[in-house]
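If you read the protein sequences in the order shown, they are chains E and S.
The first sequence begins at 1 in the numbering used here and counts up by one.
The second sequence begins at 1 in the numbering used here and counts up by one.
No wet-lab data here; the hints were simulated from the structure.
Quantities reported herein were computed from a predicted structural model and do not represent experimental measurements.
Among the clues, some could well be false.
Calculated pairs, DSSO-like style, for lysine-lysine (alpha carbon to alpha carbon, straight line, at most 30 Å) [to be verified]:
| hint | chain 1 | residue 1 | chain 2 | residue 2 |
| --- | --- | --- | --- | --- |
| 1 | S | LYS905 | S | LYS776 |
| 2 | S | LYS275 | S | LYS419 |
| 3 | S | LYS182 | E | LYS213 |
| 4 | E | LYS213 | S | LYS294 |
| 5 | E | LYS304 | S | LYS322 |
| 6 | E | LYS10 | S | LYS256 |
| 7 | S | LYS256 | E | LYS147 |
| 8 | S | LYS225 | E | LYS124 |
| 9 | S | LYS282 | E | LYS11 |
| 10 | E | LYS11 | S | LYS350 |
| 11 | S | LYS87 | S | LYS170 |
| 12 | E | LYS10 | S | LYS224 |
| 13 | E | LYS124 | S | LYS256 |
| 14 | S | LYS294 | S | LYS189 |
| 15 | E | LYS11 | S | LYS349 |
| 16 | S | LYS855 | E | LYS213 |
| 17 | S | LYS533 | E | LYS155 |
| 18 | E | LYS213 | S | LYS256 |
| 19 | S | LYS148 | S | LYS233 |
| 20 | S | LYS160 | E | LYS11 |
| 21 | S | LYS148 | S | LYS383 |
| 22 | S | LYS169 | E | LYS155 |
| 23 | E | LYS213 | S | LYS419 |
| 24 | S | LYS160 | S | LYS105 |
| 25 | S | LYS286 | S | LYS233 |
| 26 | S | LYS645 | S | LYS738 |
| 27 | E | LYS275 | S | LYS286 |
| 28 | S | LYS224 | S | LYS350 |
| 29 | E | LYS14 | S | LYS275 |
| 30 | S | LYS767 | S | LYS784 |
| 31 | S | LYS256 | E | LYS233 |
| 32 | S | LYS148 | S | LYS87 |
| 33 | S | LYS148 | S | LYS225 |
| 34 | S | LYS282 | S | LYS148 |
| 35 | S | LYS179 | S | LYS169 |
Beta-carbon label-pair distances, calculated as ranges [stated by the list, open to error]:
| hint | chain 1 | residue 1 | chain 2 | residue 2 | range |
| --- | --- | --- | --- | --- | --- |
| 36 | S | ASP236 | E | ILE21 | 51 to 59 Å |
| 37 | E | PRO96 | S | ARG261 | 17 to 25 Å |
| 38 | E | PRO80 | S | LYS224 | 37 to 45 Å |
| 39 | E | ARG151 | S | LEU336 | 36 to 44 Å |
| 40 | S | SER229 | E | ASP33 | 46 to 54 Å |
Backbone N, C-alpha and C fix where the C-beta goes; we use that ideal spot for every residue, glycine too.
The lines below spell out each chain.
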Amino acid sequence: MSASLAISLKKVNKVYHEGEIIAGVVIVDTSTDLRHEGLTLIMEGSVNLQISSKNAGLFDAFSNNIRPINLINTSIELAPAGKIPTGVTEIPFEMPLVARQSSMSLGLLETYHGVFVNIMYTLKCSMKRSFLNKPLNASCQFFVQYKHQERPAPKPVRCEVTPATLRVAGGAAAGGGPVPHFALYAEIDSTVCALDRPVTGQIRVDECSVPIKSIELQLVRVETCGTSEGYSKDATEVQNIQVCEGDVLRARAVPLHMVLPRLFTCPTTTTPLFKIEFELNIAVIFENDYLVTENFPILLLRCKW
Amino acid sequence: MPTYYKWRSAKIQTQKHEYPSLEVTNHPLRVEVRNLKLNASKSFIQSLHKWSSSFEELDPLLRFEQMNLEHNLDPIEKSDDAINYSKIWSVKCTAILNKYTTGEKLTIISSYLPGGEKTLLRQVSNLNEKVKHRLEQLDDFDETSVRKTMGLSQQEFVTKIHMLDDEIKKAWDTEQRVKAFKIAIQCSKLLSDINVMQFYPSKFVLICDVLDNFGTLVFNRLKKKSFGSDSVKFEDIDTNLVPESARETCQNWMFKMASIRELLPRLYMEMALLKCYVFISKQEIKPAIVRLIKMIRGIGNPLVAIYVRVYLCKVASSLFGKESECYFYDNLKEFLEEYQQIFQPAMAKKFGTQLLTADQYLSLYIPAIDWLFSGTLNTVPCKITFLEELLQVCDNTENSELLLCCLLSAFDSPNIIKKSSDILGIIHKSAEHMVLLSQILTSLGEHLCHAEAYRQPSSEALSQTWWKIANNMKSTADFLQVLEPWLQFACTQLSIQHINMLLRGTIRYMIKSSKPADGYSSQIRSAIKRMLKSIPDVEELFLMDAFMPLVELVQTSSARTMMAKTVLSVFFERYNSVQIEDHIIIASLMRLCCILHDSINAVTVEDETKVCADLINKFIQTVSYQDDFQQQLNFYVDCRSAFIKLDSVLVTLVHGVHALSTRAGGARGGWLPRACAAYCFVTVPSLQCALARAQLYLLGAHAALLGACVGQAEANLKALVGLIPDIPQYIQEDGQNKPTHDRVLGLLCNFLSTLLILPDNMDSNSKAYILSGFIKIMERIHWKKTDPLYYTLLLRTLDLLCHMTQEKYVYHIDGVLSNDELYGSEEEFIEVLENHATNICQEILVVLKALGDVKETKKQYNLALELFWRIIKRSDLKESSMTSLAVNLWVLSQKMQDSNNNFAKTMLSALESDTSAEGRRLFDKLKAM
């Protein structure tokens, strides 16, 4: 007397664009004939915001969680109350992916998993059953992506880092001891990046008086949430990959190459309620743990390449 | 039946037979031994191999090795014209594993191994250190906590790596794919650890294997997902046919790989998964390789970096074969850019603290650079210009020795020879600082040894420059190592004077180094051996005044013996004329032979003695003083005193002297045959083996008779007769006891034939002096009557006695007066002989009876017929006793009639043709029965 419910989407990668039709089947597997009071499928999409604990003091009035913002919410009935025969039954469905029409509507945003901002889409299927039985539920995430837009012109940036440029150019330095003598040259091929292409560039150590321990490329997200009353802005690391290990040859360009992780990145987004932005940090760690970083804000786009 | 038969020999009418004859140039029985032997041996070995191959069970270790090889070769089969890189690779791996070993303790860091002390390793990160640390502490009891196992021996380390490999497979099979991935990452991380550097290349090979296996697991699974089977080859995969789900899975792997934080594991994992790009897009692989080549620049440690490059090339070559060669070249270029990193002070400090010497440190790079070169050289259009470019680089950079060393091993000899003077110039310039100097010079020398053998003027200059460098080398072992190929080069290219100069220089160097030469004896020996093998005319070496002193540079006796043996054996191997005439060479060889002989003592093993004796024998046989007989004899006298310990040498000497004596046959009656005979007579008694002595005595008698020295011949034969009782029944030969029976029989028959021509000793009062002595000895030895040796000898003696009664003997030696002429059939002499014959005949009858007693009917039958034959042929049938004996013997033989009666029938038919009256009468009588 067991029954299970599952949702299977037609598209293997579960990535959909606005206006597309989400097609799939709901699979009911039961060992006996199953009587039910109706089978419904609900499509939900929402933005969850969270205020960081750092800023919690400012928002004493609020709870940490702000009410989720609803992006899409539609439901269809797959089957009226009735009986499902023993065995595996597949019930096909099709739902158009269309944003909710309202005054506050943000449209459909790309799926994104962050620390303070999460944008998620799910399909939920539930089977109501008679009074004594619990309803059966199944859910399945799917991902929304923007349509690929035209590729914008690349915007390369170059910079040189020396002890003299440190604070002035927005770079930061940390660690003990005197500042070593060094000259670095870094280059990002474009600060406007396509999400499914790696971020590329190069870095060169022209001079350095102490040995280098490591050079790292760090992807940082900057999430801002809040309302007119106040907002919080937090930068957290998405991923950090090493580019150089050990004391590399001077005056020789080492390529930078970072594949942007799926789900943890999305196109740079700005809405009245929250913002998602990304930055790149190049960090140079010297043998004596002296640290030099250089920051590049980048714009992520869903675009052709 | 009368028991006593008086023997009377018949006088045989000598007839002159006229037979047709023709002169021949070839001996009809001569065989072309040499050709036959070669053919026979070859086909024999082949057929043997054919037969045995099906039975041959492979050594289990070998079988695994072969299985591995087959397995590795399977997925990538290339066309025949391309080089099979995977084969080269596996050979290389084995070489690396054998060469780079260590006794140091190793450390392994992994979370998937049981045991080991739990250590928290804080990873380098610039963010949230504190938080991370706390989290790690929480993780401590988790499976993923990192453990560090220290103090592993090399073997344990290898086992651990294999365990990790198994762990990956196990995890994979139980659907824990992420765990497998993590273990693979940890394995590749081990490669960033350069403690215990001398093990690094081996560690690399081990871990490569693990990564390859992991890559194959992923690849095969994706193949299965795409095509339902994993038997599809890489080349045949069409990206467009890959289903969405497989592509998605592959993408996931790639994202996972791309987010590995550390550079080195990320590089290794991408390489391991490189072939999986084919499921996303085939075109993406080659750009990825190009990108990886550049990304390796980020590895600061030169040792780690070059091995990453090696792995990249390995992966590329397994995917693209011939097309991958450009990547070898690109990697080589990258390596040359970062070449100076190898010599940075930080690295020097590191290998210094690990107690490695600079040359050991540099040798860690050699297999890697060799590998890069191996692919590069197949893609370079013109090798010589490429070599010129690289030499230019060498000339312009500091510390070029490592590159130079690898150039020498990578390029082929013709190109190296063309540029040899440039190379030597570069070496000369910085010889002072080079730590790989001996290795470089050695391999340059080896290349030059392949030069065509004509004397170029440049060779001399090369050799001089080389000497300038080598002479300043500090380590004697290095110097000798370098010397070896260069001596060969000098031998093939330069004049005798020049070689001699080098040898003199070597002696001076050895003396100057003030270390005893004994420690280096094996190196000196191999140098001398190569010289002997390579010099066009081996005699010339002995004519150099520095050669013998060099040979005798070592002082300990064992080293000297080895040296002498080497020189002699190589000399005789290469020496192709039959005789040595040069006095200097003879003296030198004599000296070496003496060293060899003196080394033999009571504890020397038999084989060793035999080898020495063979060498000395060869020497004695080849020395010739042409017509100076006296000198030749003196030489033999010297040899006897010098090589008294070796019996086989003494035998050779005796043979040599006999040959000398007969060669001088023209000087009949001169002093030489006497001197030779005396030499032999004196030499022979010192031999151990009685049989050999006996043989030599007989030979001595022959030689003396030929030289008309009757007295000496008699003395020899007398000594021989006296020796007969001492001849043992068995002698030791090649570790086996062999019966002497046949040999003694042959020897004594020969002896009896010799007695026919030996003139009797007139001074003694008994006639047929030696023969009588022989018969007496025969009586004295208590031979078993039924011994075939005994009765055959009796029959032969009977034959001799019959012949001695003839008026004219059947053969003579010119100049020796035999008994027929000496006695002229004197009655008293004949009487003595007939008496002996009667006795012997009687003895044979006794033997017949004895044979009958022990039921040896077949032997009895044969002996009876033999005697019967002698009676009808040799005895005087007019004597009734002879006839009746013959009849009796016939009756006896018929009684025991054998199934095979041919023998008797033949005799009867021979008797039938006898025309004499007595013969007819006997025949009729026998017929009547």
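Item to complete: State the violated hints by number, sorted upward, taking the hints as numbered earlier in the document.
Response: 1, 2, 5, 10, 15, 16, 17, 19, 20, 21, 22, 23, 27, 28, 32, 33, 34, 36, 37 and 40
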